[in-house]
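Colleague: The lines below spell out each chain.
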Amino acid sequence: MNHFTKKTSPSKDGTAAGPQETPWVAGLIFKMALIMMIIFSAFFARVHLNDKTEQLAREKTRIIEQIREKRTEIQTLNIQLANLRSWDNVNAKIRQYNLALRAVNPSQVRHMKRFEGEVAAPSSLYGGDTRIADSAANSAQNTAGGIQ
Amino acid sequence: MTLFRSMAIRMALVYILLVGGFGYVAYALYGVQITRHDELFEKAQHTYTTRIETHGTRGEIYDFGGSLLVGNMPTMDVVGDPANIYILNKKDVEKTETECRMIADFFERNCENVNADEIFRRLMRRSFTTTDKNGEKKEQDCHYAVIATGVEYEKAKELRNKVKELSFHGVSFTSSYRRKYPKNTMLANILGLTNVSYDTFVPVQGIERSLNEAMTATSGSMVYERARNGRSVTFANSRSEPTLDGYDIFLTIREPLQAIVEEELDLMCERVKPHAAWAILVDPTNGDVLAAAQRPTFNPNDRNTMTPDSSTNRLSELALEPGSIMKPFVISYALDRGFVTPGTMVDCEQGVWKYAGRLLHDTHNVGKVPVTEIIKQSSNIGTAKVSVMMGAKNLDTALRSFGFGQKTGIQLKPETSGIFRPLEKWDSLSVSRFCIGQGIAVSPLQLARAYCMIANGGYKVNLRIVDRIERGDDVRVMPVVKDEKSIFANPTTKKMITDMMIGVTEAGGTCTEAAIEGFHVAGKTGTAQKVINGAYSNRYYASFVGFVPAENPRFVLLVTCDDPTVGSRYGGSASGPTFKAIAERTLKYMHVQPQLSKEAWLAERSAAQKALHERKVREDALVQARREERDRQLKAEKAKESAKKTGTAVASRPATTGTKTSTIRR
Numbered sequence: 000m001n002h003f004t005k006k007t008s009p010s011k012d013g014t015a016a017g018p019q020e021t022p023w024v025a026g027l028i029f030k031m032a033l034i035m036m037i038i039f040s041a042f043f044a045r046v047h048l049n050d051k052t053e054q055l056a057r058e059k060t061r062i063i064e065q066i067r068e069k070r071t072e073i074q075t076l077n078i079q080l081a082n083l084r085s086w087d088n089v090n091a092k093i094r095q096y097n098l099a100l101r102a103v104n105p106s107q108v109r110h111m112k113r114f115e116g117e118v119a120a121p122s123s124l125y126g127g128d129t130r131i132a133d134s135a136a137n138s139a140q141n142t143a144g145g146i147q
Numbered sequence: 000m001t002l003f004r005s006m007a008i009r010m011a012l013v014y015i016l017l018v019g020g021f022g023y024v025a026y027a028l029y030g031v032q033i034t035r036h037d038e039l040f041e042k043a044q045h046t047y048t049t050r051i052e053t054h055g056t057r058g059e060i061y062d063f064g065g066s067l068l069v070g071n072m073p074t075m076d077v078v079g080d081p082a083n084i085y086i087l088n089k090k091d092v093e094k095t096e097t098e099c100r101m102i103a104d105f106f107e108r109n110c111e112n113v114n115a116d117e118i119f120r121r122l123m124r125r126s127f128t129t130t131d132k133n134g135e136k137k138e139q140d141c142h143y144a145v146i147a148t149g150v151e152y153e154k155a156k157e158l159r160n161k162v163k164e165l166s167f168h169g170v171s172f173t174s175s176y177r178r179k180y181p182k183n184t185m186l187a188n189i190l191g192l193t194n195v196s197y198d199t200f201v202p203v204q205g206i207e208r209s210l211n212e213a214m215t216a217t218s219g220s221m222v223y224e225r226a227r228n229g230r231s232v233t234f235a236n237s238r239s240e241p242t243l244d245g246y247d248i249f250l251t252i253r254e255p256l257q258a259i260v261e262e263e264l265d266l267m268c269e270r271v272k273p274h275a276a277w278a279i280l281v282d283p284t285n286g287d288v289l290a291a292a293q294r295p296t297f298n299p300n301d302r303n304t305m306t307p308d309s310s311t312n313r314l315s316e317l318a319l320e321p322g323s324i325m326k327p328f329v330i331s332y333a334l335d336r337g338f339v340t341p342g343t344m345v346d347c348e349q350g351v352w353k354y355a356g357r358l359l360h361d362t363h364n365v366g367k368v369p370v371t372e373i374i375k376q377s378s379n380i381g382t383a384k385v386s387v388m389m390g391a392k393n394l395d396t397a398l399r400s401f402g403f404g405q406k407t408g409i410q411l412k413p414e415t416s417g418i419f420r421p422l423e424k425w426d427s428l429s430v431s432r433f434c435i436g437q438g439i440a441v442s443p444l445q446l447a448r449a450y451c452m453i454a455n456g457g458y459k460v461n462l463r464i465v466d467r468i469e470r471g472d473d474v475r476v477m478p479v480v481k482d483e484k485s486i487f488a489n490p491t492t493k494k495m496i497t498d499m500m501i502g503v504t505e506a507g508g509t510c511t512e513a514a515i516e517g518f519h520v521a522g523k524t525g526t527a528q529k530v531i532n533g534a535y536s537n538r539y540y541a542s543f544v545g546f547v548p549a550e551n552p553r554f555v556l557l558v559t560c561d562d563p564t565v566g567s568r569y570g571g572s573a574s575g576p577t578f579k580a581i582a583e584r585t586l587k588y589m590h591v592q593p594q595l596s597k598e599a600w601l602a603e604r605s606a607a608q609k610a611l612h613e614r615k616v617r618e619d620a621l622v623q624a625r626r627e628e629r630d631r632q633l634k635a636e637k638a639k640e641s642a643k644k645t646g647t648a649v650a651s652r653p654a655t656t657g658t659k660t661s662t663i664r665r
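Protein sequences appear in the order of chains A and B.
Residue numbers for the first sequence follow numbering that gives the first Met the number 0, beginning at 0 and rising by one.
Residue numbers for the second sequence follow numbering that gives the first Met the number 0, beginning at 0 and rising by one.
Since the hints were made in silico from the structure, they are not lab data.
Hints may be right or wrong, so weigh each one.
As the list claims (entries may be wrong) - The calculated SDA-like cross-link candidates involving lysine to any residue, where the alpha carbons are at most 25 Å apart (straight line), are:
| hint | chain 1 | residue 1 | chain 2 | residue 2 |
| --- | --- | --- | --- | --- |
| 1 | A | Lys69 | B | Arg177 |
| 2 | A | Lys59 | B | Thr148 |
| 3 | A | Lys69 | B | Lys587 |
| 4 | A | Lys69 | B | Thr148 |
| 5 | B | Lys587 | A | Lys59 |
| 6 | A | Lys69 | B | Glu240 |
| 7 | B | Lys272 | A | Ser40 |
| 8 | B | Lys163 | A | Asn90 |
| 9 | A | Lys51 | B | Thr48 |
| 10 | B | Lys481 | B | Leu601 |
| 11 | B | Lys154 | A | Asn88 |
Pulled out of the complex, with its shape left as it was, chain A reads as follows:
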C-alpha cells in the first residue's frame, strides 16, 4: 500500500476519502500504460516497417538482378538467332542437306484483296510498322488478276 492506495481512517466529520481516490489513480496508471503502449507500438511498428522495407528492397534488388540476367540471356539468344538466320548459314544448310528449294514464281502468288469493312491486319504482324501493311494492301489492290 502506498500513499495513494492505503486506506485512510474516516475523517472526523464521518466522510470516507479512500474509495473516491482509488479510480483516479487507476485511471492515471491506465492512461500512462496506454500512452506507453501506443508509443511502443508505434516504435515497434516503425522498426517492423523498416525491416519489411529492407526485406522488400533486398527482394527488389534480387529480382532486378534476375531480370538483368534474363535480359542478358535474351540478348545473347537474339544474337545467336540472327546468326542462325543469316543467309550464309541458311545457304550452307540448304547445301548440306541438299534441299531442293527454289524461289517462288510470281505467277504462283495471288494477293488477297481486302474486303470492304474488313479489319486491317494488326501492325504487330509487320514489326509494328503500319506502312508495310498499307503497302501490302495497296499492292493487293493494284495487282491485276488477284483473287477478288
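Let chain A serve as the given structure and place chain B on it in line with the hints.
Modeller: What follows is chain B alone, placed relative to chain A:
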C-alpha cells in the same frame, strides 16, 4: 563551521568544473555544429554515401523488317585487385605469389588470348607511383588489373562459379558488352564498325559513325546512403539520374534482297575476276536503298580480314568517270527541251569525229542514225553532237538538275559530291566529253539517284538508308525528301527516254544479256577507261544500270565491275548478266507479275530481231550501193586521167584501184 566551509569549497570546485566542462562541451559543439559544420558534414556524407555511374547500351542496327544486323553481345571482363590479394593473404609475399600464379594459370587454361605470365606480372604489381600537381611522387595501392576482357557471358558465369569454388581472392567479374555483327560480311562496308577505348565505343566508319550520336547511350548516376553491407538504406535520402539507351537504327535495307545482291556479286567476281565490284538497289519512288554491296569486303567480327581496299565504302566515297551511263541524262534533257526528237537524224561519222582539235571515237562504226539508236548503240559521237547542239550552258543545267556535283542526302559519312567543274571553268572540249561521262567524276550513289529520277518521271529524290530510329515509344521516321516539281517540262520525256533505254536490252542493243523474260528492261551500259596517274589506262569500269519493269519501275539497279580481268571488259558482258540475275530474283521476291506472257515476250523479241536483221540488210545494201557508186566514180576519174595522159583504154586497170580502196576501208 570548518566542515561546512570545506564542503562549500569542494562544492564550488565541482561547480566550476561542471560549468567549465559544460562550457567546453558547448564550445566544441559550436565548433562541430556551426564553425566546421559544412566540412564535417561533407566528410560524413562521403563516408556513408555511394555514387554509382550507370551506363545504358548502345543502339542496335536492324534492317527494315527488324532483322538484327548489329547487336550488343553481353560479355564479362575479369579484373583482379592486386592490393587486396596481398592484404587477404595477410601480407605474406610467398602466399600472394602462389595465389597469383594459380589465378594466372587458371585463366590461361580457360580463356582465349590470355598469357599467364602477363597476368601474373599484373597481379603482382601491388602499387604504382603517381606524381601530383606539386611534382611530389606518391605510392598508391593498385586495385585494378585486367585479367581477361570480352569473355562470353555463359563462359564467364561458369568461370565465376569455379572462382568461387577455388576461393580465389580479389577476382571480380564485371558486365560489359561488345558489338557483334551476326551477318558477318553482309553490308559490312555500310554498317561500319567501332573500336573500344576505355569502355567507350569509338565509331570508325559507316552507319556506326554517321549515326553515332543517336546510338550513343546517355550515362546516368545513382547517389544513395549505404548500410554496412553496402546496400542502400531505403528510408534514407537517395537520388538518381536516369540512364538512356541509344536509339535503335532501322535501315531501309531488306535483308533478303541484300543477300541476293551479295550472292550474285560473289558469282560475278568468280566469273570476271575484277579488282572490285559493287551493286546498289534503290526504290526510285522514295529513294530507299534496298540493298548495297561491294567486293572486296571484310568481316567486322574478324579485324584480320580488314585491308584499306576492303574497308573503303566505295558506294559513297569513290568518285569515278562513269562513261556511257551518263548519256541518257543528256539525251533526255535534249528531248525534254525540244533540241531533238527520237527521230532526229544524227550523223555519227562512221566512228571517228574531230571536235575542238581532238578525235572522238565510237566502239562500233555508226553512220547516220536517229537519236533512239544513239542510246541503243551507245554512240559517243552521236551524244557529243547532241550535246554540242544543246550548248555548254544547257549541258551544265542538265547534269546539275540530275544531281551531279551534289551529295545525295544519304545518311552516310563521308560522302563525296564528285568532281564537276563549274561552267566558267569548262574548256572547249568539255561540252563533247562530259556528256559521255569523261572529265566528270561521280559516285555510284549519285548515279543511282540520277537513274531514280529518270525512272520516277524526273522527280529529284534524296537517297535514304535510315528509315527510322526508335527508343521504346520514341519513334522518329526519317522523312522522304522529294521535289514536288519534275525536272522534265514535257510529260512524255520519261516515256521517250525509257523506250530508248529498253532498246539497249533488245536485239541490236549493247546489252541483250540483261533482258528478263516477261519484262521490259530499261538500261544503259557503260565502259569507262580508268584514269591512273592522270592518264587513261587500259583498265575499265564496266557498268550496267537500269530499272524494271521499265514502264512502272519497282527498283533501279546499278552493277559495276572495276577492271574485269577475265572475259569481256564491256559493261554489257561483264555486269549485264549479274544485273539480270539480281533483277530476276528481286522481281520474284517482290512478287512482281510479268508484264508479258512468255509467248508474247518471245514474239516481241523475235520481231525486234527481225527488224534489226531487215535494217542490217538495208544498211548493208546501202553501204554496198555507196561503195559501188564510189568505185564507179573512182574508175571513171582514173579512166579520164589515163585517157588524158596516154590516150589508151582504161579497161585493163580497175583491179588495182579496187584493192587499194578496200584496204583503206578495212
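Colleague: Which of the numbered hints above does this structure break?
Modeller: 2, 3, 5, 7, 8, 10
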